[in-house]
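Chain residues, written in single-letter form:
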Amino acid sequence: MQTANLLPLILVIAVIAYGLSYMRSRAVAEPIGGIRNLKALPFYYAARAALWCAIPALIVLALWAGFEGKVIQNYVVASLPAELAPESDGQASLILSQINNVAAGKLDPQFVPPEVVGAADLLDALKQRSASFKATLVILLAVLGAAYAWTRVQPHINARENVERTLRWIFFVCAAVAVLTTVGIVFSVIFETFRFFGKVPITEFLFGTSWSPQTALRADQVGSDGAFGIIPLFTGTLLISAIALLVAVPVGLLSAVYLSEYATRPARAVIKPLLEMLAGVPTVVYGFFAALTVAPFIRDLAERIGLEASSQSALAAGLVMGVMIIPFVSSLSDDVINAVPQTLRDGSLALGATQSETMKNVIFPAALPGIMGGILLAASRAIGETMIVVMAAGLAANLTANPLDSVTTVTVQIVTLLTGDQEFDSAKTLAAFALGMMLFIVTLALNVVALKIVRKYREQYD
Amino acid sequence: MNTMNSTVTSNNETTEAPAVPVQDERPAETIIQEGVTVGSPYADDPKFKLRDVEVFYGESRAIKKISLDIARNEVIAFIGPSGCGKSTFLRCLNRMNDSIDICSVKGELMLDDQNIYDPKRDVVELRARVGMVFQKPNPFPKSIYDNVAYGPRIHGLANRKSDLDDIVEDSLRKAGLWNEVKDRLDATATGMSGGQQQRLCIARAIAVSPEVILMDEPCSALDPIATAKVEELIAEMSESYTIVIVTHSMQQAARVSNRTAYFHLGHLVEVNETDKVFTSPDHELTESYITGRFG
Amino acid sequence: MTDQRSQAEIVRQSLKRRYRKERRFRLYGMTAIAIALLSLVVLFTDIIGKGYTGFIKTTMTLEVVLDGEQMYLDDASDKDQMSMADFQAPIITALQKHFPEVEERKDLRELSRLAGSYASNQIKDLLARQPELLGTTQTMEFLVHDTVSVYVKHADNPAYSIRLSEQQQRWVDELVQKGVVDTGFNDVFFSRGDSREPSNAGILGAIVGSLLTMVVTLVIAFPMGVAAAVYLEEFAPQNKFTDFIEVNINNLAAVPSIIFGLLGLAVFIGVFGLPRSVPVLGGLVLALMTLPTIIISSRAAIKSVPPSIREAAEGIGASKMQVVLHHVVPLAMPGMMTGSIIGMAQALGETAPLLLIGMVAFIVEIPDGFFSSATVLPVQIYLWASSAEQGFVELASAGIMILLSFMITMNALAIWLRKRLERRW
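The listed protein sequences correspond, in order, to chains A, B and C.
Those letters in the first sequence? Residues 97 to 558, per the numbering used here, in order.
Those letters in the second sequence? Residues 844 to 1138, per the numbering used here, in order.
Those letters in the third sequence? Residues 8 to 432, per the numbering used here, in order.
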């Protein structure tokens, strides 16, 4: 039975358990003078039965479904005869896909070795056995759980406390998912990264100045090694982010100042949502805009004034990214500026300072830590931004500071290395995870510092 | 200190000789006539000439037709129960209400025969002449020196660093703070005690050499010792400045002011010499207030 | 007094200079806002300008003689014959009727290239459905070839290059004049999946894919986000672990989205063996990405429920859980829903993580379930935008317009919800 069919079945059993326990709790209450003499309302006895029925069954089902594929696969691979046993992980995945295709009927058995056909049959058999085991176990658990809860419908047991404790645990698990996600991220990059450093020395990765991940297919080809120096990627990322921040910080900050200090109420009511619209536009749209409108425009403009510009210039990607970050900077600055107490503003105005003097000399210095935090967050945004650079920045890892040149970034390389044809375990694929880890570490550090600064700043004026 | 002693004695007299007897217990509203102020609200050659001033917050009228003169170099205290409009009225005098969108002011407000609310009037210049000290000390998060120097700097009052140093020192001396802070002018102002902060704010206001200083309950956030120091300071400053002070404490009004104005529900009920207000007020509402029947 | 007078004089003199500065500062602010708003306007006009033609299709209506002899076909219900038959011939003949002077083989080939590549399939499909039509004459509407479509729609636009020969251009002009070649509302775009040929490509597949993915995201992220927010606001003890959870949530909200793609690739595909390119996988990844947003906004909504409500419920002996489930959560629900809709709108526009988990595949069929290969709107836009053929640019822009209209609708819904349902305490 399929996982998809088991889910509604568990639900049905849970509903039945709910109904039966509800009736039983009323029946139990009858001789002792009504439900007021139960420790909890019938609803709680019933809900407890439903939880007892569903939770263990669902946990087992989830675990089984999560791991059955892997376990079966390993078992099948292990069963292959010695001469077919894969020598590398790449071979293993090839044979596995053959086996899978034969088993699924997509590949004619006559094109593959008989051992593979045998393995495919084994795969089929194992899958069926696993499915029936799974179904039996899960249904059994559901029924047993329900039956146990049904026998425990007794007036002296406080079912409400049970139910509430369970719910509280469920809530806790949901909150802990955030931690699990972080752990998952760390683990998903860390193993592959270590394997990558097994193939490419970490010093070459961190300090190498050349990046060309195209490893050769055969060992005797020229340039078979590929180069994995991250420096051109970092400079490219920094160049584009710097251009973006050069656009976003002044524009965002000054917009926030104007909106909070000068704009009339109706003007604010119109402009603010419009600015926020810029933040809502998906990044793929910005990428499209950068690649098909801004980049050609910049190239033509540069040519007209006699400069040479790449059709995928860092400037185009950076400018558009800057526009994307404007609302981010402006809303953060707005918060920060509004957090400066009105009394400071009054103090300065009462001395006869003009609004701009008050802004520049009093509010701005007071708000500076918060604004710095906001800029750091914006920088982390820019560094991690993917679609704009994938579409508008190039693939060539040039080590340059010329904004009219084409550069590539960490995120572009992750996407390039992991889409299209990939061989598992090649240095190329693993490099993407190493890059991901660098990206994660850098953005995490920026975020932690920025959030700390902002929090400290808020506390100062609370 | 002299002022303090004299008011204390006059306070004693109040208790011994009851002033105008309370005739009946009509509700407060019925005794006040709009635009009518008993006592002596007017003066010759006033610094401020205020006529029929009304302040609106959106639809509601917070100040109802107040007319008052404020004489040169006098200390006038505004007293009255909370919400009576005394702070609102004070903030009209240097247009601090401008920053509140829904607030509008009507009537004639003249400073040295120039209309304060003339649309062509320059708020910056006005506020350089009419300084203000707030209820809660609000030093800028900068050094002590920079706090005091801020005003002179933005107005360009000092040509050289030494001029600025002189202004800072002079202002801090006038505020009675110099000896306490002369060794740590670079320390941040937010690290000072509340009383010091408030005196710093006064020094900051003095540094611009204003003609008038408005004080909005300057001692309400301070302990009694700090309060005494600030009051002393006000008494000294009265020689060279016109001071308008809003206060919650009747003792303070009695101690520091020449004249006292009593506000009630947006009306200016009575203005008189301070001694007279606290000994024999002309209006029964003032009487009720100073004898603590409400407040 | 002299001191005050002279000071006042200095102040008055400095005013002009200071007001100039003030005006300049104000001007900077207005310029900044103008730049931001101008970018918005340019962005939208650019996309609409590029994309509105995506909603127009170019068709040619031909009288097609379904001549069995010409097609080497005498029984349309015979599958073998059908797979060998020549369905191109009737189209060439029909076109030739308009240009009897064309006889040379080379010219005929050029002429035949005016019809779209799928035109012959259309005849085949028709005959497969209704074999009895063999030998009759039918009026059929075909999509024109992409080069023709580009010529008809963008002849005056320098951004497009015309890939038709002089002769072909003349023919097309004549056909347009005769009304044989015409433009109309592009229903193909709304009823098909992707295609190698721009005029035959549609966005329905991507819309359905996005819908399926969003359902998964919503089903996972909303209940979990609300539960997590309830736990953190109402039940969490003050301890290190709770702090740790909060730090994690705040940081996850700022982790670059592409990292979630790596997570999906390594954990959901690598460890749990989920298939690539399916809505379940995409939904899971986007749910993890959206979760922090939903938790943060739900917590804000819970915080805004006044304590008096809690106290009132506790006062009549409700348990903590009852207070929360009966009072706090229902009252906070509008706020939670608003935050979730905004989070979902973000997820709808997200592209980067989906690229890594294989949702970039070229998929023609419209997905029919949570486990069938699919792509989503933003990824489809990305694919079209990076295609070489020029016809895809207008499709990408049209796709963007559709994506944006979905997002604007969702945000409008969120604003409406906030205005209508949110209580002011």
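Since the hints were derived computationally from the structure, they do not count as laboratory data.
One or more hints might be untrue.
[What the hints assert, rightly or not] Straight line, CA to CA, 27 Å or less: simulated BS3-like cross-link-like pairs of lysine-lysine:
id : chain 1 : residue 1 : chain 2 : residue 2
1  : C       : K310      : A       : K552
2  : C       : K310      : C       : K327
3  : C       : K247      : A       : K548
4  : C       : K327      : C       : K247
5  : B       : K949      : A       : K456
6  : C       : K86       : A       : K202
7  : C       : K310      : A       : K368
8  : C       : K131      : C       : K104
9  : C       : K426      : A       : K368
10 : B       : K1004     : C       : K327
11 : C       : K28       : A       : K368
12 : C       : K131      : B       : K963
We went through each hint and held it up to the structure:
| no. | hint | in the structure |
| --- | --- | --- |
| 1 | K310(C) with K552(A) | holds (21 Å) |
| 2 | K310(C) with K327(C) | holds (16 Å) |
| 3 | K247(C) with K548(A) | holds (17 Å) |
| 4 | K327(C) with K247(C) | holds (23 Å) |
| 5 | K949(B) with K456(A) | violated (32 Å) |
| 6 | K86(C) with K202(A) | holds (22 Å) |
| 7 | K310(C) with K368(A) | holds (25 Å) |
| 8 | K131(C) with K104(C) | holds (21 Å) |
| 9 | K426(C) with K368(A) | holds (17 Å) |
| 10 | K1004(B) with K327(C) | violated (65 Å) |
| 11 | K28(C) with K368(A) | holds (25 Å) |
| 12 | K131(C) with K963(B) | violated (83 Å) |
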